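Novice: Chains as they are written, first to last, in my numbering: chain A, 1 to 144; chain B, 145 to 986.
Please keep in mind that the hints were generated in silico from the structure rather than gathered at the bench. Please note that the accuracy of each hint is not assured.
Claimed, not checked - Cross-link-like lysine-lysine pairs, in silico, BS3-like; alpha carbons within 27 Å at most:
1) K11/A - K325/B
2) K10/A - K681/B
3) K74/A - K864/B
4) K864/B - K815/B
5) K596/B - K11/A
6) K864/B - K11/A
7) K126/A - K905/B
8) K681/B - K74/A
9) K905/B - K10/A
10) K598/B - K10/A
What the hints assert, rightly or not - Derived coverage of chain A by chain B (criterion: at least 3 residues anywhere in the stretch with Cβ under 8 Å from a Cβ of chain B; other residues may be distant):
11) 17-25
12) 28-35
13) 45-52
14) 64-70
15) 75-87
Note that the structure is predicted; figures quoted are calculated from it, not measured. Just so you know, even glycine gets a beta-carbon here, dropped at the ideal spot from N, CA and C.
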Amino acid sequence: MQYRKKRPMKKSHILAIVVIAVAIAIIISTAGDASTYVNFEQAYQMASSGNVTQIHVVGELPKDSAGQVVGLEKSSDNLSFSFSLIDDAKKEQKVYYNEPMPPDFTRSEKVVVIGSYQNGLFVAKKILLKCPSKYQEQKLNAGV
Amino acid sequence: MHFFIGNLGHLFVITAFVTSLAGAFSYWQATRNSDLAKKNSWIQNGRFAFYSHVIAVLGLVCSLFIIIYKHYFEYHYAYAHSSLHLPGQYMLSCFWEGQEGSFLLWMFWHTIIGLILIKTQKVWEAPIMVVFTLVQAFLASMILGIIIPVLDIKLGSSPFILLRDALADPIFKLQPEFIPKDGNGLNALLQNYWMVIHPPTLFLGFALTLPPFAFCIAGLWQKKYVEWIKPALPWSLLGGGVLGLGILMGGYWAYETLNFGGYWNWDPVENAVYVPWLILIASIHTMITYKNSGTALKSSIILVIAVFVLLLYSTFLTRSGILGDASVHSFTDLGLSGQLLIYLLFFTLGAILLSIIRWKEIPSTEKEVSTYSREFWIFLGATTLCLMGFQVLLPTSIPVYNTIILLLGGNSNIAPPANQIEFYSRFQLWFSVAVALICGTGQFFWWKKIDKQKLKHELLMPILWTLILFTLLISITKVYTPSYLALTLAGVYLIISNLRVLFAIAKLNPRLSGGAVAHIGIGLMLIGVMYSAGYSKVVSLNNTGMLISKDLPTDFNRDNLLLFLNEPRSMADYDIEYRGERVEARHKTGYINKNDIELTFDPYKVIAKKDIHFKNKKLYQAKDTFEIYPENTFYEIELSKEGNVVATLYPRVQINPAMGGFIASPDIKRKLSRDLYTHVSLPMNREEEPEWDTLIEVKVKAKEVFYINSKYTSTLEEIKRIDEIEGTPLSADDVGVQAKIKIIGEHADYYADPIFLIRNKSQVGRLPAEINDLGIKITLLNILPETNEFLLGINSRQKDWVVIKALEKPFINILWLGTGVLMIGFSMAMIRRFKEHNDLKN
Chain A
1 MQYRKKRPMK
11 KSHILAIVVI
21 AVAIAIIIST
31 AGDASTYVNF
41 EQAYQMASSG
51 NVTQIHVVGE
61 LPKDSAGQVV
71 GLEKSSDNLS
81 FSFSLIDDAK
91 KEQKVYYNEP
101 MPPDFTRSEK
111 VVVIGSYQNG
121 LFVAKKILLK
131 CPSKYQEQKL
141 NAGV
Chain B
145 MHFFIGNLGH
155 LFVITAFVTS
165 LAGAFSYWQA
175 TRNSDLAKKN
185 SWIQNGRFAF
195 YSHVIAVLGL
205 VCSLFIIIYK
215 HYFEYHYAYA
225 HSSLHLPGQY
235 MLSCFWEGQE
245 GSFLLWMFWH
255 TIIGLILIKT
265 QKVWEAPIMV
275 VFTLVQAFLA
285 SMILGIIIPV
295 LDIKLGSSPF
305 ILLRDALADP
315 IFKLQPEFIP
325 KDGNGLNALL
335 QNYWMVIHPP
345 TLFLGFALTL
355 PPFAFCIAGL
365 WQKKYVEWIK
375 PALPWSLLGG
385 GVLGLGILMG
395 GYWAYETLNF
405 GGYWNWDPVE
415 NAVYVPWLIL
425 IASIHTMITY
435 KNSGTALKSS
445 IILVIAVFVL
455 LLYSTFLTRS
465 GILGDASVHS
475 FTDLGLSGQL
485 LIYLLFFTLG
495 AILLSIIRWK
505 EIPSTEKEVS
515 TYSREFWIFL
525 GATTLCLMGF
535 QVLLPTSIPV
545 YNTIILLLGG
555 NSNIAPPANQ
565 IEFYSRFQLW
575 FSVAVALICG
585 TGQFFWWKKI
595 DKQKLKHELL
605 MPILWTLILF
615 TLLISITKVY
625 TPSYLALTLA
635 GVYLIISNLR
645 VLFAIAKLNP
655 RLSGGAVAHI
665 GIGLMLIGVM
675 YSAGYSKVVS
685 LNNTGMLISK
695 DLPTDFNRDN
705 LLLFLNEPRS
715 MADYDIEYRG
725 ERVEARHKTG
735 YINKNDIELT
745 FDPYKVIAKK
755 DIHFKNKKLY
765 QAKDTFEIYP
775 ENTFYEIELS
785 KEGNVVATLY
795 PRVQINPAMG
805 GFIASPDIKR
815 KLSRDLYTHV
825 SLPMNREEEP
835 EWDTLIEVKV
845 KAKEVFYINS
855 KYTSTLEEIK
865 RIDEIEGTPL
875 SADDVGVQAK
885 IKIIGEHADY
895 YADPIFLIRN
905 KSQVGRLPAE
915 INDLGIKITL
925 LNILPETNEF
935 LLGINSRQKD
945 WVVIKALEKP
955 FINILWLGTG
965 VLMIGFSMAM
975 IRRFKEHNDL
985 KN
């Protein structure tokens with residue numbers, strides 16, 4: 001009996017402990033690396049308090065009475081552009097994006113910008129467009 | 145209106161649903177009866193039901209295909225996914241572009257596999273076919289498209305729904321019989337040969353996970369806890385190979401067609417198939433362990449069930465609309481989320497419950513596995529694969545957590561990681577290193593009996609070889625990043641150790657070497673991924689030009705390059721030059737300059753303005769009318785070195801309002817050691833009016849040479865009187881003069897023919913001539929008889945341009961080579977296991 005007690009831990013137990021430890025590490029890191037959906041105000045607060053993580057902001061493009069998107073500015077070489085975005089709290093914010101404007105940009109219903117405030121300006125690293133899907137359209141296309 | 149085919153199709157759907165339920169019931173009765181005669185008669189019933197089901201599914205597939213192929217646009221499926229001008233081979237892609245068609249494809253493969261199982265598995269037939277027919281019933285219910293009367297619940301979405309029932313367009317009120325002339329067309333991204341073979345391969349892979357699951361459930365149910373492994377293993381191997389191939393085809397398609405610059409994006413849709421595949425691989429290994437040593441039976445059961453459940457979960461994720469904003473290419477929501485959830489929960493809970501009930505009875509060995517045994521290493525590897533899958537599954541499910549929290553009345557704002565590629569790669573890289581090291585080391589225990597001393601001896605040479613090869617590799621290719629060094633080392637070790645086993649087995653029995661070959665494939669793939677993804681770099685860097693804002697830091701990478709027509713820039717050791725817009729002929733291979741064709745009323749037909757050549761081959765004569773694909777524009781980009789053209793790339797842009805506007809696809813220059821990947825980021829908008837600079841006046845005499853924009857040598861070749869303008873004759877009171885100016889452009893000579901006109905002796909009219917390629921407009925302003933000179937006005941504008949992005953992918957061919965080797969390995973292993981199983985039966 002004495003001998004049995006002194007036996008080292010079973011390998012399967014060690015393995016189980018390691019597996020659990022790795023799983024916990026994965027959960028913690030996922031929680032840590034997950035981004036959040038916030039509005040511009042919250043994003044600004046985060047940036048001012050030194051939090052530089054990238055966040056998601058969902059918003060809509062402001063349109064004039066004729067339905068034209070306003071607040072678009074393209075750089076003269078077409079390689080980058082900026083636009084206005086109105087978030088869920090109705091705050092309008094200028095967003096800079098260092099890529100050419102996607103040609104279907106103005107058609108999008110909703111825009112998700114992923115980025116952060118830098119020196120008081122919102123710089124998007126990535127933008128996701130939510131375009132009206134052809135399946136949702138209840139009208140037939142022209143040319144029928 | 146072709147009502148018959150739709151009604152027939154719908155009848156087939158209902159038949160398929162009912163027969164699968166009937167089959168499930170009959171086979172279930174067969175398992176319950178111990179009386180042989182009764183059992184056999186129930187099996188006969190089950191077979192009859194399943195055969196009828198197979199016929200119904202085939203009928204269903206044919207009906208839907210006829211609707212697409214014959215362009216019956218009164219049906220929503222044909223209207224939404226096809227069009228008249230769609231090339232024939234892509235009709236197949238239409239079939240599975242929609243959710244309904246892809247469910248059908250899945251069902252189709254199940255029927256084929258089911259038929260094979262009925263033929264080959266007499267002992268197992270009844271219990272496994274219960275599982276099969278139940279799965280088929282759930283799948284058929286997804287396309288039923290009927291409304292349950294009392295509950296008012298819509299069950300499934302039928303592919304045979306008429307357009308007028310699918311869309312609430314007012315025209316159907318006025319004209320119920322209205323049929324659109326053309327369909328919406330197939331998404332351009334899917335008009336690719338990979339999209340013809342990738343979905344069937346992927347769904348075959350999906351379908352192949354059902355036999356192992358069915359055998360496992362049958363084993364638990366019939367208390368044949370150990371016997372199920374033998375018939376299940378070859379199917380798992382086949383599934384592992386086919387699903388892996390399907391996933392990689394998807395990656396290759398993305399690389400060739402999408403413009404995110406790679407073959408893998410860690411998109412939820414990709415993750416949703418990657419995770420089950422990892423677990424499938426783990427399950428194959430534990431099953432082999434069980435066959436060899438009698439250990440890991442319980443883990444095999446858990447993993448085989450997990451593979452199927454994860455596939456159902458991935459189906460739920462991609463088809464229920466729950467991913468929403470998180471994914472760019474999941475299916476659109478058809479309102480099936482409830483049904484999908486029931487499908488998922490039914491098999492998940494059923495399998496878990498059955499396992500719990502039977503758990504105590506499953507035999508297991510208590511003996512401790514030695515560290516110096518093959519089983520230990522395989523088990524360690526399988527565990528790592530599971531953790532690898534878990535790491536991907538957890539963040540991919542973030543939208544699910546949000547939905548659950550929302551349903552519970554809470555509010556959650558968790559978003560997926562902002563930089564998915566970086567996030568997943570960081571973990572998956574180290575897991576891959578671990579898997580490769582474990583797998584490589586495990587090979588030394590091939591012949592079971594080995595102790596510490598012997599191991600040291602065995603390890604020495606392979607480690608030496610690994611280090612030599614590794615050092616050579618990293619010093620030649622200059623790999624310095626620690627994580628990439630680790631991956632390279634692990635990959636090389638994996639290859640060397642498996643080569644050693646391969647040589648040893650090949651002498652004894654080459655048929656057993658499938659595993660080693662597959663492992664070598666994985667090693668090559670890891671190295672290929674390391675180079676092509678880790679050292680992928682943007683070569684279209686642009687350090688000139690303006691900043692987006694003065695307030696921002698200046699160290700922004702500008703990854704795109706603005707190219708003006710015929711103006712070379714340097715990029716990645718090449719001179720790169722944009723040569724203009726091209727279209728593709730429909731019936732001949734080749735790209736055609738847009739300047740050389742004249743449009744007609746039919747957008748698909750054009751007329752050649754002159755003889756059209758492509759690569760020294762004459763395609764069309766002047767005045768020929770021929771067909772093109774009008775939606776696609778190709779941007780000819782020429783790469784040259786020291787004045788010699790080394791490659792011409794044709795990245796594509798499709799403008800298709802019905803499909804969401806602008807779709808860019810890359811063109812890839814492939815070299816043995818690296819790919820140069822180029823796509824259009826922004827094409828010029830032709831609808832915008834160009835801005836002309838202020839007019840510059842020049843006085844020239846006939847035959848005089850002058851310069852336009854101080855770079856184009858031009859000559860006023862002649863001045864002549866004309867009697868008509870574009871076919872309209874001038875009257876006697878009118879005077880018309882036309883100049884002919886030759887301009888020597890960068891690559892060709894151009895002629896401008898501006899006209900000067902005096903109408904009714906007083907009114908002056910001027911018709912300028914524009915040279916699109918040069919961005920200039922010439923007007924004949926006046927004739928100065930006193931000096932014998934002509935006054936020309938020259939306007940210039942920005943030349944035509946395109947913005948491109950180019951990336952370099954080093955050693956990507958090692959990845960594709962590895963894929964091929966992996967597939968060979970899978971095939972060898974599978975053939976061996978099927979043979980083994982058959983030998984046993986005979």
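Novice: Flag every earlier hint the structure violates by its number, smallest first.
Specialist: 1, 2, 3, 4, 6, 7, 9, 13 and 14
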